[in-house]
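Participant: So the protein sequences, as listed, match chains U and Z.
Okay, so the first sequence: first residue is 2 according to my numbering, each after it adds one.
Okay, so the second sequence: first residue is 8 according to my numbering, each after it adds one.
What the hints contain is simulated information worked out from the structure, not anything from laboratory work.
Note that beta-carbon positions come from the ideal geometry of N, C-alpha and C, so glycine has one too.
Treat the hints loosely; a few may be bogus.
Covered by chain U, according to a simulated footprint, are these stretches of chain Z (three or more residues, beta-carbon under 8 Å) [said to hold, decoys possible]:
#1 18–27
#2 38–46
#3 53–60
#4 86–93
Not everything, but these chain Z residues come out facing chain U in the computed CB check (under 7 Å) [stated by the list, open to error]:
#5 Asp9
#6 Ile14
#7 Gly15
#8 Arg31
#9 Gln34
#10 Phe49
#11 Pro71
#12 Pro77
#13 Val113
#14 Gly115
#15 Glu117
Restraint ranges, calculated between C-beta atoms of paired labels, are given here [to be verified]:
#16 U:Arg791 / Z:Arg116: 23 to 31 Å
#17 U:Ala618 / Z:Arg116: 38 to 46 Å
#18 U:Val582 / Z:Gly67: 46 to 54 Å
#19 Z:Arg116 / U:Leu834: 46 to 54 Å
#20 U:Ala710 / Z:Arg116: 24 to 32 Å
#21 Z:Gly67 / U:Ser70: 43 to 51 Å
#22 Z:Arg116 / U:Val582: 17 to 25 Å
#23 Z:Gly67 / U:Leu713: 41 to 49 Å
#24 Z:Ala65 / U:Val582: 26 to 34 Å
#25 Z:Gly67 / U:Arg701: 55 to 63 Å
#26 Z:Ala65 / U:Glu726: 50 to 58 Å
#27 Z:Ala65 / U:Gly903: 29 to 37 Å
#28 Z:Arg116 / U:Leu570: 15 to 23 Å
#29 Z:Gly67 / U:Ala710: 16 to 24 Å
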Amino acid sequence: MPEGTLLALMIALPFVGSFIAAFLPSNARNSEAWLAAFVTLGVLALTLASYPRIVASGALRSHIEWLPSLGLDFQLRMDGFAWMFALLISGIGFLVVVYARYYMSPKDPVPRFYSFLLAFMGAMMGVVLSGNLILLVVFWEATSIFSFLLIGYWHHNAEARNGARMALTTTGLGGLALVVAVLLIGHIVGSYDLDTVLAAGEIIRDHELYVPILVLVLLAAFTKSAQFPFHFWLPNAMAAPTPVSAFLHSATMVKAGVFLLARFWPVFAGTPEWFWLVGSAGMASMVLGAFFAIYQQDIKGLLAYSTISHLGLITLLLSLGSPLGAVAAIFHMMNHATFKASLFMAAGIIDHETGTRDLRKLGGLFHAMPITASLAMVASAAMAGVPLLNGFLSKEMFFAEAIETHAVSWLDTAAPYAAVLGSAFAVSYSVRFIAGVFFGKPAEELPHEPHEPPFLMRFPILFLVAICLVVGIFPGATIGPYLHTAVQAVLGEGTPEYSLAIWHGLTLPLLMSGIAIVAGLAFYMIWRPYLATSEEGPPLFRRLNGQRIFDQVLVTLSWRWARALERFLGTRKLQPQLRLVVLITLVAAAWPVLRLGLASPLPDLAAIDPVFAALWAVGILCAVGAAWQAKYHRLVALILVGGAGLVTSLTFIWFSAPDLGLTQLLVEIVTTVLLLLGLRWLPKRVNFEEGTVLGARLSRARDALIAIAAGLGTTFIAYAVIVREAPGSIGDFFLSNAYSQGGGRNVVNVILVDFRGFDTFGEITVLGIVGITVFALLRRFRPAADTIERPEQQRDQLAFDEARADRSETDTVSDYLFVPSVTMQWLFPFFILFAAYLFLRGHDLPGGGFVAGITMATAFLLQYLAAGTRYVEDRLKVLPVNWIGLGLLTAAAVGCGSWILGYPFLTSHFQYVELPVIGKVPAATALLFDLGVYALVVGAMVLMLIALAHQSTRRLRAAKTAEESA
Amino acid sequence: MDLILAIGIGALVGSGVWLILRPRTYQVIIGLSLIAYGVNLFIFSIGRLRMNAAPVLAEGPINPADYADPTPQALVLTAIVIGFATTALFLVVLLVARGLTGSDHVDGRESN
Numbered sequence: 002m003p004e005g006t007l008l009a010l011m012i013a014l015p016f017v018g019s020f021i022a023a024f025l026p027s028n029a030r031n032s033e034a035w036l037a038a039f040v041t042l043g044v045l046a047l048t049l050a051s052y053p054r055i056v057a058s059g060a061l062r063s064h065i066e067w068l069p070s071l072g073l074d075f076q077l078r079m080d081g082f083a084w085m086f087a088l089l090i091s092g093i094g095f096l097v098v099v100y101a102r103y104y105m106s107p108k109d110p111v112p113r114f115y116s117f118l119l120a121f122m123g124a125m126m127g128v129v130l131s132g133n134l135i136l137l138v139v140f141w142e143a144t145s146i147f148s149f150l151l152i153g154y155w156h157h158n159a160e161a162r163n164g165a166r167m168a169l170t171t172t173g174l175g176g177l178a179l180v181v182a183v184l185l186i187g188h189i190v191g192s193y194d195l196d197t198v199l200a201a202g203e204i205i206r207d208h209e210l211y212v213p214i215l216v217l218v219l220l221a222a223f224t225k226s227a228q229f230p231f232h233f234w235l236p237n238a239m240a241a242p243t244p245v246s247a248f249l250h251s252a253t254m255v256k257a258g259v260f261l262l263a264r265f266w267p268v269f270a271g272t273p274e275w276f277w278l279v280g281s282a283g284m285a286s287m288v289l290g291a292f293f294a295i296y297q298q299d300i301k302g303l304l305a306y307s308t309i310s311h312l313g314l315i316t317l318l319l320s321l322g323s324p325l326g327a328v329a330a331i332f333h334m335m336n337h338a339t340f341k342a343s344l345f346m347a348a349g350i351i352d353h354e355t356g357t358r359d360l361r362k363l364g365g366l367f368h369a370m371p372i373t374a375s376l377a378m379v380a381s382a383a384m385a386g387v388p389l390l391n392g393f394l395s396k397e398m399f400f401a402e403a404i405e406t407h408a409v410s411w412l413d414t415a416a417p418y419a420a421v422l423g424s425a426f427a428v429s430y431s432v433r434f435i436a437g438v439f440f441g442k443p444a445e446e447l448p449h450e451p452h453e454p455p456f457l458m459r460f461p462i463l464f465l466v467a468i469c470l471v472v473g474i475f476p477g478a479t480i481g482p483y484l485h486t487a488v489q490a491v492l493g494e495g496t497p498e499y500s501l502a503i504w505h506g507l508t509l510p511l512l513m514s515g516i517a518i519v520a521g522l523a524f525y526m527i528w529r530p531y532l533a534t535s536e537e538g539p540p541l542f543r544r545l546n547g548q549r550i551f552d553q554v555l556v557t558l559s560w561r562w563a564r565a566l567e568r569f570l571g572t573r574k575l576q577p578q579l580r581l582v583v584l585i586t587l588v589a590a591a592w593p594v595l596r597l598g599l600a601s602p603l604p605d606l607a608a609i610d611p612v613f614a615a616l617w618a619v620g621i622l623c624a625v626g627a628a629w630q631a632k633y634h635r636l637v638a639l640i641l642v643g644g645a646g647l648v649t650s651l652t653f654i655w656f657s658a659p660d661l662g663l664t665q666l667l668v669e670i671v672t673t674v675l676l677l678l679g680l681r682w683l684p685k686r687v688n689f690e691e692g693t694v695l696g697a698r699l700s701r702a703r704d705a706l707i708a709i710a711a712g713l714g715t716t717f718i719a720y721a722v723i724v725r726e727a728p729g730s731i732g733d734f735f736l737s738n739a740y741s742q743g744g745g746r747n748v749v750n751v752i753l754v755d756f757r758g759f760d761t762f763g764e765i766t767v768l769g770i771v772g773i774t775v776f777a778l779l780r781r782f783r784p785a786a787d788t789i790e791r792p793e794q795q796r797d798q799l800a801f802d803e804a805r806a807d808r809s810e811t812d813t814v815s816d817y818l819f820v821p822s823v824t825m826q827w828l829f830p831f832f833i834l835f836a837a838y839l840f841l842r843g844h845d846l847p848g849g850g851f852v853a854g855i856t857m858a859t860a861f862l863l864q865y866l867a868a869g870t871r872y873v874e875d876r877l878k879v880l881p882v883n884w885i886g887l888g889l890l891t892a893a894a895v896g897c898g899s900w901i902l903g904y905p906f907l908t909s910h911f912q913y914v915e916l917p918v919i920g921k922v923p924a925a926t927a928l929l930f931d932l933g934v935y936a937l938v939v940g941a942m943v944l945m946l947i948a949l950a951h952q953s954t955r956r957l958r959a960a961k962t963a964e965e966s967a
Numbered sequence: 008m009d010l011i012l013a014i015g016i017g018a019l020v021g022s023g024v025w026l027i028l029r030p031r032t033y034q035v036i037i038g039l040s041l042i043a044y045g046v047n048l049f050i051f052s053i054g055r056l057r058m059n060a061a062p063v064l065a066e067g068p069i070n071p072a073d074y075a076d077p078t079p080q081a082l083v084l085t086a087i088v089i090g091f092a093t094t095a096l097f098l099v100v101l102l103v104a105r106g107l108t109g110s111d112h113v114d115g116r117e118s119n
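Sequences and hints are given; from them, build the entire structure.
Facilitator: What follows is the structure, given as structure tokens:
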């Protein structure tokens, strides 16, 4: 198999498996397990098969171009170190899948579990196999997200939700730091390629940005690996199902942080900053983690703190900057994964079989489950660092490194003492775990009767414990060569001489081990009575726990400060907000003008056309009048707005834009009718007293000033623009090519339906959406109580009818505007004809789909005006929503049609067609597009208008409801 | 000519700004309509004002200098139609809000 395929398959296989797993039925426990086992075994097989090639060539590489211009390629790279991690991920992944088959309850929705688990595995493989830093970050983030989903798997449980959220917040923060760090590295090195970056260690260390980069990378690694002071999320993540903990919180997810540290060890290590930052975090995590672990009552919590401690040990080893330290760190990564995964699984079995994880309740389980107990004891001994087990070997190497002097400082001096202290605590909690669960007084009143689990549930533990033993007894023959390959991949030529033997003679490290074991046992014996009944968590530190601080910080940041800021800066009132918008606009417009100056020629007063001046005198009066009257005389204001609109329309025509004039005029009509329809639902306002209060007067004066400033400013800018010589515009292109390429003489229309057809397509989509929104809003319209009653005029008319003996009710209403209404009804076909005329001539003369659509909508509107809503709705089915859909589909179909002919979306085609009688006519596909525009405009306009007009029929229904409720 | 249109645009925008700062929803909708006229005219005038320029292409070779600039016109044409749609949407939101809150104040309740 080619290298590229092999590497890609190792990442793709879990993701494909995850995708399939998500679609299996929710009770398919067995098929899910088979699928996941197949996938994990497949990845494991690929990993194993690639080993000889790595030994032979150093590293497998694959390079697929992705965004080469950004330096982002899909590069994969597997060297010995990555291979070791791939082995851990796939091997332990397989064991966890087997274990999970028996652990998960039939009631749990397993597809979600396996799907997330496999996706997580794929992301993790991606992290270790990435050959490009950006790609690494992407997979890194993916592990955070899938771990969030896995921790929160039992999302009905508040603890799981909180734990998941905390893990995501913390590791997500680190991920963010990693992105920045990677970008900075790319900036310095000039490449995101892992090989290039690893070779550029010296450049990075000498660069002035080294410390910021280091801090950011460490932030990422420490949050991921739960290192002090970011350790608090890991114990809370124990709300995850135990297979997840065994996989994520022992072997993979938390190892990603130390993986990163080791991966970039050649780049970053060896400086004082590295030593201090990494060393202090590692030492604090190791000692405090181990100390806290002793006082946990939850066995998974104990294991979680132990993980923090062991990862701290690895971090501390990496901090030393000595190659032998790195060897020990890498060795311990593997050892820790094996014994901790098996212990988590054992804890899961205990929980599963007894129903509790509380050390105060558990006890004496050895008789009920002797095999599990024996396995757990061996794994615990490895965790404690007892000889003949793998944990002992790496711990000895650690001791040997701790007593060496690397950098003269108190931290270095303290290292051996801290190492012994941490190991002693490790012995204490390991003993506590075993003694508390399997020995002592047999537990009473357990939720379940404990017994041995099925063989296959035990098998993964058995397998891992066997590895612990074999590696512990015959290190050189078993793990030796693989470790060497991994170490060489990190250290390269600087790989030191080291020995994996169990017996190095009577050395200081051996003595330290002895002290640690004895002290740890003694420590446990002293605290034992207290621990039997104590609360969760260590004494003194119980109050000072990371979770509480984290919660407080979150509450302060996202709630208190946010609220305070909102109170201080925000307002829910619209007027101040709009005032602010206007003021900022004013300042933004005035600033450059005042700073740079804007010279404009003085106006030539002689050139003023008196007719045009008179026209605008009317326009300005209308505008100001509308502003003045809009509060108490709505109808007057509406008529005045219409006047201003007419002046606008005439101005368009005056300045050679007949299309705009036509459109403006027609839109004016429908807008006026629309607002008229709305007036009926507004409250009566007859109180003219307002505005006498001083505060109100002041605010009106201020608003008037703002408005005058806005008006003057706009005048100035508009004038300055108009008198300037026009620069060359793209309009020339449209003019030159409209006929030759678009086949139309009306350039505006050609721009709309051809050159900028895609814009128009977007625009009509918006129009359609607005139409449907209006319709949807009005479906649930509840008029205000005071508008339910018939309008006053109608009441008067009805009273008049009733008072006369010769008239029956509604006579006056039906006689109202009788002649105009007959005319309007008769005009209906002519309107249709006129719309068709405007539409057809649109490509060559003023007109087009928009105008024709509005005309057609006006035709429908007039029918409503002439005969009333009831009458029209009984006789005419308009179905505006269908018009909208049809219009949009037509426009889209015409656009897609050009694909068939191999042109881009919305390329138009035109030619002349010979028609009988009419003769030669231009036929462009743009005309079809315009037909879509037309249909949509008709649909949207009619929908809005008749939806509003239809509301008048609500009165009766609303009145009835009001009566019923009264 | 230029000055008059500029003053006209200023009057439209100024009146509109005054209205959108008022407390009643109807005032705001009228104000937005007035601002829309002003803005449309402004965008239109960016293409410079031409009187008696041919809007439709004649037969034969074309000299762009003889014609009005069609680009702002095309922009404004769709803006007019979209302007109608937003007016309609705002009107309906106004009516529904009035039905729900019982007030035609822009904040949904009378300020005190």
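Participant: Any hints this thing doesn't respect? Which numbers, in order?
Facilitator: 14, 15, 24, 26 and 29
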